[in-house]
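Produce the entire structure from the sequences given, and follow the hints as far as they go.
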Amino acid sequence: MTAPTSEAPAPLLSEAIVIGGGPAGLMAAEVLSRAGVAVDLFDAMPSVGRKFLLAGKGGMNLTHAEPFDAFADRYGERSAVLRPWLEAFGPAQVRDWAASLGIDTFVGSSQRVFPTDMKAAPLLRAWLQRLRHPGNGGVPVRFHMRHRCLGPTPQTGGAAGTTAWRFDTPQGPCTVQARATVLALGGGSWARLGSDGAWQGWLSTAAGAQAVAPLVPANCGFDVQGSPVHGVAAGWSPFFRDRFAGQPFKSVAIRFEGDHGPSFHRKGEFVATATGVEGSLIYAVSSALREQIARSGRATFWLDLLPDRSPEQVRAQVAHPRGARSVSAHLKSRLGIDGIKMALLNELLTREQLHDPQALASAIQALPVTVVAPRPIDEAISSAGGVRFESMDEHGMLTGLPGCFCAGEMLDWEAPTGGYLLTACLASGQRAGQGAWQYLRG
Numbered sequence: 001m002t003a004p005t006s007e008a009p010a011p012l013l014s015e016a017i018v019i020g021g022g023p024a025g026l027m028a029a030e031v032l033s034r035a036g037v038a039v040d041l042f043d044a045m046p047s048v049g050r051k052f053l054l055a056g057k058g059g060m061n062l063t064h065a066e067p068f069d070a071f072a073d074r075y076g077e078r079s080a081v082l083r084p085w086l087e088a089f090g091p092a093q094v095r096d097w098a099a100s101l102g103i104d105t106f107v108g109s110s111q112r113v114f115p116t117d118m119k120a121a122p123l124l125r126a127w128l129q130r131l132r133h134p135g136n137g138g139v140p141v142r143f144h145m146r147h148r149c150l151g152p153t154p155q156t157g158g159a160a161g162t163t164a165w166r167f168d169t170p171q172g173p174c175t176v177q178a179r180a181t182v183l184a185l186g187g188g189s190w191a192r193l194g195s196d197g198a199w200q201g202w203l204s205t206a207a208g209a210q211a212v213a214p215l216v217p218a219n220c221g222f223d224v225q226g227s228p229v230h231g232v233a234a235g236w237s238p239f240f241r242d243r244f245a246g247q248p249f250k251s252v253a254i255r256f257e258g259d260h261g262p263s264f265h266r267k268g269e270f271v272a273t274a275t276g277v278e279g280s281l282i283y284a285v286s287s288a289l290r291e292q293i294a295r296s297g298r299a300t301f302w303l304d305l306l307p308d309r310s311p312e313q314v315r316a317q318v319a320h321p322r323g324a325r326s327v328s329a330h331l332k333s334r335l336g337i338d339g340i341k342m343a344l345l346n347e348l349l350t351r352e353q354l355h356d357p358q359a360l361a362s363a364i365q366a367l368p369v370t371v372v373a374p375r376p377i378d379e380a381i382s383s384a385g386g387v388r389f390e391s392m393d394e395h396g397m398l399t400g401l402p403g404c405f406c407a408g409e410m411l412d413w414e415a416p417t418g419g420y421l422l423t424a425c426l427a428s429g430q431r432a433g434q435g436a437w438q439y440l441r442g
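So the sequence shown is numbered by the numbering used here: it starts at 1 and just counts up by one.
Don't take every hint at face value.
Claimed, not checked - Derived DEER-like restraints, expressed as beta-carbon distance ranges:
{"#": "1", "residue 1": "Pro84", "residue 2": "Thr370", "range": "49 to 55 Å"}
{"#": "2", "residue 1": "Val229", "residue 2": "Arg125", "range": "49 to 55 Å"}
{"#": "3", "residue 1": "Val229", "residue 2": "Ala274", "range": "15 to 21 Å"}
To be verified - With a Cα cut of at most 30 Å, we get these calculated DSBU-like pairs of lysine-lysine:
{"#": "4", "residue 1": "Lys250", "residue 2": "Lys267"}
{"#": "5", "residue 1": "Lys332", "residue 2": "Lys267"}
{"#": "6", "residue 1": "Lys119", "residue 2": "Lys250"}
{"#": "7", "residue 1": "Lys57", "residue 2": "Lys267"}
{"#": "8", "residue 1": "Lys57", "residue 2": "Lys250"}
{"#": "9", "residue 1": "Lys250", "residue 2": "Lys332"}
Hints were generated in silico from the structure; no laboratory data involved.
Ideal Cβ placement from N, Cα and C applies to all residues, glycine included.
Here it is in structure tokens:
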């Protein structure tokens with residue numbers, strides 16, 4: 001992917017600037033460009049869309065094709081505030097937008113929507129081409145790479161009705177004044193790609209301390225509590241870690257009932273790590289686990305190793321006479337339990353429980369797994385926290401910093417994987433771009 005480089009020196013005065021070159025920032029720039037506004041886009045990295053490209057390496061999941069009401073509900077506590085944004089630019093509009101760039105899409109078996117070639121780079125190339133050469137009365141977007149924003153600065157002798165922004169560049173510091181600004185600086189995950197959350201400090205100073213909630217990991221893995229059976233204070237036993245870290249738990253189900261919020265129960269897969277668990281099924285319940293840990297220091301979910309078997313079937317097979325066979329051989333023969341599933345039973349159950357048919361049958365379909373800490377935010381797929389919606393007006397403008405709009409993952413919302421993250425980033429970028437355009441109009 002060839003990165004856009006600085007096409008011109010940073011202007012001293014700009015009609016509108018976008019700070020951040022991820023999907024939200026690019027969408028805000030496109031909205032303003034189409035409206036005939038001269039836009040300068042700044043990013044700290046050498047090229048734009050780095051997280052977008054990496055996320056698409058395993059298949060570019062653009063959005064999700066489930067019914068809209070179910071789609072909007074995926075945003076949890078922020079569903080109500082995001083719903084109008086998604087109504088304006090939701091799953092259907094994402095597919096239309098991709099088609100306008102010459103990218104055909106299809107709906108997979110999981111209802112996730114992908115480009116037909118499954119790649120992110122062709123879409124990003126087409127998008128950047130259109131931003132540079134918009135046509136139909138649009139104004140080309142000017143890109144300024146390796147410009148790290150240091151926040152706004154008090155103006156001295158600047159143009160009226162503008163905000164001055166400080167940047168650190170390879171050529172030294174510079175200041176740019178803008179009538180309207182869209183911040184799309186990302187969350188705190190994947191810092192090496194530019195989303196390092198460094199903006200939290202200066203934005204809290206500029207817009208007010210209450211405007212920003214601390215960033216926390218979302219769609220993340222967790223460290224498990226140590227196993228008393230093996231005398232381990234934290235994490236897996238050395239045997240389990242060395243033999244099974246990186247291996248998946250397939251065709252399992254998780255049930256979790258925390259102190260607050262609805263209960264969670266879903267079938268799927270996840271992976272054992274060196275210190276705990278991660279993967280799609282864990283990500284789906286990660287926000288509830290994280291909040292429970294914040295309240296009480298730990299969270300326990302119940303793992304069903306055989307969700308397709310009835311409790312009666314499991315009890316009958318476990319209770320079947322095993323003769324001289326070991327418990328492991330018996331469970332493999334009668335129920336197909338072996339490998340990592342058998343190892344986890346040995347990891348978490350005492351010898352007495354393993355040899356008690358009733359206790360063992362119960363554990364097979366309700367094995368308590370306790371997690372004590374989310375993995376660091378830089379390992380997470382996304383982050384929660386950020387700019388509070390209560391600190392912005394309905395157009396996404398900060399009430400404490402007039403003329404400054406916020407979009408993307410730097411906002412205080414979270415969503416599961418499956419296209420929900422990208423769709424909301426694009427929708428918020430469109431809303432912020434429209435808000436900035438209306439602000440410029442008066």
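For each hint, the structure was consulted:
no.: 1; hint: Pro84 <-> Thr370: 49 to 55 Å; result: 40 Å, violated
no.: 2; hint: Val229 <-> Arg125: 49 to 55 Å; result: 54 Å, holds
no.: 3; hint: Val229 <-> Ala274: 15 to 21 Å; result: 19 Å, holds
no.: 4; hint: Lys250 <-> Lys267; result: 9 Å, holds
no.: 5; hint: Lys332 <-> Lys267; result: 21 Å, holds
no.: 6; hint: Lys119 <-> Lys250; result: 27 Å, holds
no.: 7; hint: Lys57 <-> Lys267; result: 25 Å, holds
no.: 8; hint: Lys57 <-> Lys250; result: 23 Å, holds
no.: 9; hint: Lys250 <-> Lys332; result: 15 Å, holds
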